[in-house]
Amino acid sequence: MASEGGHGPQTSGEYIQHHLQNLQVCRAENGEWIWNHCAGNPIAINVDSIAISVILGVLFVWLFSRAAKKSTSGSPGKFQAFVEIVVDFIDSSVKDTFHGKSRLIAPLALTIFMWVFLMNLMDLIPVDWLPMLGQAAGIPYLKVVPTTDVNITFGMSIAVFFLVLFYSIRSKGIGGFIAELTLHPIAPPLKGAGLIAAPFIIAFNFILESVALLAKPLSLSLRLFGNMFAGELIFILIALLGLWQLPLHFGWAVFHVLIVTLQAFIFMMLTVVYLTLASEEH
Amino acid sequence: MDINLTLIGQSIAMIVFVWFCMRFIWPPVMKAIEERQTQIADGLAAAERGQQSLDRAKAESGQLVDEARKQATSILDQAHARANEIIADGKKAGAKERERQLVAAAAEIEQEANRVREELRGQVSAIAVASAEKILMREIDAKTHEDILSKLAAQL
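Here the protein sequences line up with chains U and X, keeping their order. Okay, so the first sequence: first residue is 61 according to my numbering, each after it adds one. Okay, so the second sequence: first residue is 7 according to my numbering, each after it adds one.
Only pairs whose alpha carbons sit at most 30 angstroms apart, straight line, appear in this in silico DSS-like list of lysine-lysine: (1) X:K37 <-> U:K130; (2) U:K129 <-> X:K37; (3) U:K161 <-> X:K37; (4) U:K276 <-> U:K232; (5) U:K276 <-> U:K155; (6) U:K155 <-> X:K37; (7) U:K138 <-> X:K37.
Simulated from the structure, these hints should not be mistaken for lab results.
Just chain U, same shape as in the assembly (with noise of 0.2 angstroms):
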């Protein structure tokens, strides 16, 4: 596998380090946009991985925007009944664990769940598929699964977390928000000589609880981002052993089929969660 990559002997480093590779475009110190040279460069898009999530993203509202839009109350066809087998079973979910009202935590969870576990799905494609395909038509660098990219994990934990500021926001006030951050676990003492401690309390308080916050994102996309990146790590060693992959690779792809659901689940799942919690009354 290794030295058919079509551009003469390649070392095993090589061929693990070009498959990590992703294709980027970025702006240059001199303001130029230049491809491919962007290690450290902040103002740089992962092109293949954007292009592919959005592809995925597309084809998932596509789909299922097509059943929404043919759906029926009467007796369902085939598409639509997995349709609503996912949204049932997205529905009971949330409903399972948030008990509010919202238009928005369903849908979201639903967009979370079906994006994720298309992303992760690539994971399932033969690694040298898409790079080899990709390098024929003139494209270098290929980074198949998006989700193996710490940018899309994170910026979608991001999303999340801004959801989470606005719900907690939103059910308690700026005030509680700020109550919450400051006033947990320890509480401050609020007469006497104990008055002089106060603010190193709140301070210490403000850390902690600003830390559990943050963690919520970063947790989220890491944990997400390390599992996919490990499996598809894994695939891409398999294929480094040439024609006795077979066995190992079907073993470690059917393992997979069990990581990818699960992420997607988790992914959605502890979003729920984490909104719910901001939008519960103490």
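Based on these hints, arrange chain X on the given structure of chain U.
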């Protein structure tokens, strides 16, 4: 592995997709599911009602059959009674007829006997005359003794 603008792009894409899903996917699918739920519930209720009315109809038809059976039995009984009556009447009429026929036959026999007796009487007198003629042939002239003979014949 660097954090870069991709992050913001992905966030924007996610917001767009979530908005689209919230606007165009979730409501119609949910509506279809809920409508079907009510339809199924209605259907089940209707089936329940149908079952109940079927039970009622069954009970009713059983009752009707029972009544009809009772009626049939009573009609049969009546018919039997009527038949017996007719047979008895027939028997009576037959007896009467036989009596009448017997009387008529007896009268006829009587008549016939009288006629035969009359005839026999004639024949006997003829025979007697003939035999007397044969006896008297030589002594009695039929012409002269005719009045005696006819007297005799009348007496016979």
